[in-house]
Amino acid sequence: MTESFIGARIGRFEDRALLTGQGQYLDDIHMAGMLEMAFVRSPHPHALIRGIDAGKALALPGVHAVYSHADLAAVLTADRIPQDKGGAKFPDTTWPVVLPKDETCFVGEPVAAVVAESRYIAEDAAALVEVDYEPLQPAADCRDAAAPGAPKVHLEAKDNIVAEIRADYGDCTAAFAAADHVFAISLKQHRGAAHSIEGRGIIASYSAVGDEMTVWASVQTPHKLRNGLMELFGVDESGVRVIVPDVGGAFGGKNVIYPEDVMVAVAARLLERPVKWVEDRREHFLAAVQERDQYWDLEIACDGEGRIQGVRGKIIHDQGAYTMMGLHTPHNSAIAVPGPYVVPNYRIDVVVTETNKVGCVPIRGAGYPEACFAMERLLDEIARGLDLDRAEVRRRNLIPADQMPYEHPMKTREGTPTIYDTGDFPACQVQALETADYAGFATRQARARSEGRYLGIGVSNMVKVTGRGPFESGVVRVGRSGRVSIYTGAMEMGQGTKTSLAQICAEHLGVPPGEITVVAGDTGAVLHGIGGYGSRQTVTGGSSVHLAAIEVRDKALKVAAHTLEVSERDLELKDGEARVKGAPELSMSLADIAKALSGAKGYSLPKEVTPWLQSCVNFRPPDVTYANAAHVVEVEVDIGTGGVRILRYVMANDSGRLINPTLAEGQLVGGTVHGIGNTLFEWMGYDENAQPVTTTLADYLLPTAAEVPNFEIIHVEHPSTLNPLGVKGIGEAGTVPVAGAVISAIEHALEPFGVRIAEAPISPGRLIELIAAGKQGS
Amino acid sequence: MTETRKIEMTVNGVRHQLEIETRVTLADCLRHHLGLTGTHLGCEHGVCGACTILVDGQAARSCLMLAVQADGAAIATVEGLAGDDGTLHPLQQAFHDNHGLQCGFCTPGMLMTLVEFLESNPDPSETEVREALSGNLCRCTGYQGIVAAALDAAQRMRAQAVGLS
Ligand code: FES
Ligand code: FES
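Chains as they are written, first to last, in the working numbering: chain A, 1 to 778; chain B, 1 to 165.
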């Protein structure tokens, strides 16, 4: 048995360049003759644009152009950004515009674009562009915006409702009528923006020779950007190439086509010079997508033992001013509530309403964290109402292992059945509880309390859809030098995708993973691809590479067997050659096999093989696969300051078979800390007029090293049955259950004050209020 | 408006003389005038720490300094950490070994902050490391690998120092 690369804790090949300052991120790219762009952004949440005067800006030395809506028609086929709409029927007014014609709909919306010799000059010039605005009444709060007669987000729209979603099955009316207990809660949920430390950024370069546009962009989905630009410029795949350099994180923020992307391409096309734009942090706050607000009203029905009979309720979801990426977030929130629990009857209605704020699209977790929080809050209600232990209530309701694969009565977003393929949810909870010494907590809590300290513990469970298709591309090629390369539509944004794919490929080709080149994110290298989001890449891209590598191996062995006049069965691939087992001097190098297959003279080939030592597989998983986890967290709350300290954090996570446990742990810890940010720190504030009020990282808090603990991770590996590697996604798994566990723990710590928490995030100031209210009430 | 000044500074031991607009930040000067793009910009308002470099041995946020303020200074950036033969600095090696980076965008700032910190505190506790890093934001790692790397590097550097003496 040769050493296995799959499952090995291999250090990343990406690291060296990044550690020595030799990485190449978007802003590190410089081109001869390159110009830079800056944007004139709307200071109003809602206003008519009466006129734009660029005279003073154009007079500034070093300024090359100022573009507004009127300039688009010269090169673009449309003034709205193309979207894969599928069957969606939305009001026309909700589709994002490239630049607004005469009405701006959120603070920070690009209204005009300035191109100059440098960013410094471009920003000077942007400040000189005079825009004549006529302010209009904004729709700020999504609850008000959903009401009849509310100020409209777009003047021409009928109202602010983008869509209404219903997720339901069973018979809630009957179940609630017959139930022993019904508990009701109202929740306010808020998640902020992506805040990758590198902002967005794009460079476009156009060559009239060949009518070709090359774009370098810091994005999650280069093929989507390519497709959008193709449509806008009216060219086909040969007319636009998108290349993604090193990406400094993304988390959902780089998964849509933005006006800034299109404008950089427009300028490059019109000026025939390379043009660059790099987002600064303020722009990220104003104009990069966010997940923001949801308001939930929920009821849960249960029997006398705390077994769930039904869940029903309503959500109002803040979609922002434009529908940048369909209804993924609100739809996920609507269907993900039951998660790992048996919920026999269900009905949730969502009103998706526009507001005069930047568009909402999925950020790491994509509506699942909100749904999980809602469910876990409901379970805590049952525990309180029936005076049961919170972990016990969960145990009674978790889907038993013997029911896997479990066909959930819920339909997926696509309307297909939801089937949890593998996993053991109760066992995950047991393992997490045991590791966290849940049983011993009461003693720890009592001891702390005798010292005047307030400790609490919280438990939550989650299921996350992962591995969304429809496919991902994986090309494995051996060049004439013998070098093995992988080309894929899957993306490297920090997860270690390149290393994982090299491990998978190396497993079959007898080449060390470090000697494999991985090209991810170049539409010129692989024509089709989907990209990085939704915890999908190892499932889809990994499986494609796995299958392609097997095909390449088989082909190499066939050619070598033919040349060496031995049986394929007697051959093995090792150290870059096909060798006869036990007689390694009888061998043929991968380079020679590749040469033979690429038309070199002097080689004879077996009849049935096709040219090239290469295989291209676009693996289409038959269905999505579901990761699951149980999180247990112990906190201490300072009742004087409202500060929350996480004392211990344990998670048992099942993402199926792990390709590289070290990288998997990196994803889980990073994802969990993102969840902690959403629970305790991150608040994208808007005032009552839809003016953003948190536009620096000093106002909008991200978690730092000092606020988070070391995490204890238990890997539970139930391989998925839906892909040849047995993997399930992991990128978002850490984020989903955090708020449910942490808020439960805080509430538990503050039980003596009767504190009840119905919101996330929760700040120290708010906790102090709740403690004071509790003291008064008691 | 575009007033310029002649300045001179040493970056990673190399002397540079340049004429630069007075309003250009030190970060932009390093990145775009000297081509040292290892120093990154995450916020340009002094919070994220991605742009951290050493100015005369002290950690500083290069987004909050003008290039002209560095006239006469000795500057160290991430590009100068590894040895001339390519041997990684113990911190760099420890970041690799402990999965202390994912996208790598915060990494140069983390490294430079820790270079200064470990010089003043060669045997820190985990809590001290976490405090020292609290001015550097990372969105990817959740900090666990970074903290482990810092402690690991401290140990390696102490062992090296003992070996040398
Ligand atoms: S870029 Fe200097 S602190 Fe963020
Ligand atoms: S590794 Fe991505 S921000 Fe730290």
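Worth flagging that the hints you see were computed from the coordinates, not collected in a lab.
Just so you know, not all the hints are guaranteed correct.
Label-pair distances were calculated between CB atoms; the ranges are [stated by the list, open to error]:
| # | chain 1 | residue 1 | chain 2 | residue 2 | range |
| --- | --- | --- | --- | --- | --- |
| 1 | B | Arg-158 | A | Thr-641 | 34 to 40 Å |
| 2 | B | Gln-17 | A | Glu-688 | 52 to 58 Å |
| 3 | B | Arg-156 | A | Glu-117 | 44 to 50 Å |
| 4 | B | Thr-87 | A | Glu-237 | 53 to 59 Å |
| 5 | B | Arg-158 | A | Ala-583 | 32 to 38 Å |
| 6 | A | Asp-132 | B | Asp-71 | 41 to 47 Å |
| 7 | A | Ile-29 | B | Thr-87 | 41 to 47 Å |
| 8 | A | Ala-32 | B | Arg-156 | 53 to 59 Å |
Chain A regions said to be covered by chain B (calculated; three or more residues, Cβ under 8 Å) [as the list claims (entries may be wrong)]:
| # | region |
| --- | --- |
| 9 | 135-143 |
| 10 | 288-298 |
| 11 | 662-674 |
| 12 | 692-706 |
Facing chain B, from chain A, some residues (calculated, C-beta under 7 Å) [stated by the list, open to error]:
| # | residue |
| --- | --- |
| 13 | Gly-11 |
| 14 | Asp-15 |
| 15 | Leu-18 |
| 16 | Leu-19 |
| 17 | Met-34 |
| 18 | His-195 |
| 19 | Pro-245 |
| 20 | Gly-248 |
| 21 | His-562 |
| 22 | Thr-563 |
| 23 | Glu-712 |
Keep in mind it's a predicted model, so treat the numbers as computed, not measured.
Cβ atoms here follow ideal geometry from the backbone N, Cα and C, with glycine treated the same way.
Hints versus structure:
The beta-carbon spacing between Arg-158(B) and Thr-641(A), approximately 36 Å, falls within the hinted interval of 34 to 40 Å. Take Gln-17(B) and Glu-688(A): their Cβ atoms lie about 54 Å apart, and the range 52 to 58 Å holds. At roughly 46 Å, the beta-carbon separation of Arg-156(B) and Glu-117(A) lies within the given 44 to 50 Å, and the hint holds. Range check, Thr-87(B) to Glu-237(A): Cβ separation about 45 Å, and the 53 to 59 Å hint is violated.
Taking 32 to 38 Å as the suggested C-beta distance range, the pair Arg-158(B) and Ala-583(A) does not conform, at roughly 51 Å. The hinted range of 41 to 47 Å is satisfied by Asp-132(A) and Asp-71(B), whose Cβ atoms lie roughly 44 Å apart. Between Ile-29(A) and Thr-87(B) the CB atoms are about 28 Å apart, so this pair departs from the stated range of 41 to 47 Å. Between Ala-32(A) and Arg-156(B) the beta carbon distance is about 43 Å. The supplied range of 53 to 59 Å is therefore violated.
Residues of the region 135-143 of chain A with a Cβ under 8 Å from some Cβ of chain B number 0, which does not satisfy the need for three, so the listed coverage is violated. Figure legend: the region 288-298 of chain A, annotated as covered by chain B; annotation inconsistent (0 residues with Cβ-Cβ distances under 8 Å, at least 3 required). For a cut-off of 8 Å, the count of residues in the region 662-674 of chain A with a CB near a CB of chain B stands at 10, and the three-residue condition holds. Given a C-beta distance limit of less than 8 Å, the hint that chain B covers the region 692-706 of chain A holds, as 7 residues qualify and 3 suffice.
Because the smallest distance between the Cβ of Gly-11(A) and any Cβ of chain B comes to about 6 Å, under 7 Å, the interface hint for this residue holds. Here the hint on Asp-15(A) is kept, as its CB sits about 5 Å from the closest CB of chain B, short of 7 Å. Given hint, Leu-18(A) at the interface with chain B, holds; its Cβ is 3 Å from that chain's nearest Cβ, closer than 7 Å. Annotation: Leu-19(A) was flagged as interfacial toward chain B, and the flag holds, the nearest CB pair being 4 Å apart, inside 7 Å.
Against a cut-off of 7 Å between C-beta atoms, the interface hint on Met-34(A) is violated, since the closest Cβ of chain B lies about 11 Å away. Interface hint at His-195(A): satisfied, since its Cβ lies 6 Å from the closest Cβ of chain B, which is below the 7 Å cut-off. At a threshold of 7 Å, the smallest CB-CB gap from Pro-245(A) to chain B is about 11 Å, leaving the interface hint violated. Residue-level restraint check for Gly-248(A) holds (minimum Cβ-Cβ distance to chain B is 3 Å; threshold 7 Å).
Below 7 Å, beta-carbon pairs count as interface contacts, and His-562(A) has none with chain B, the closest being about 43 Å; its hint is therefore violated. Nearest Cβ of chain B to the Cβ of Thr-563(A): about 39 Å, over the 7 Å cut. The hint is violated. Against a cut-off of 7 Å between C-beta atoms, the interface hint on Glu-712(A) is violated, since the closest Cβ of chain B lies about 10 Å away.
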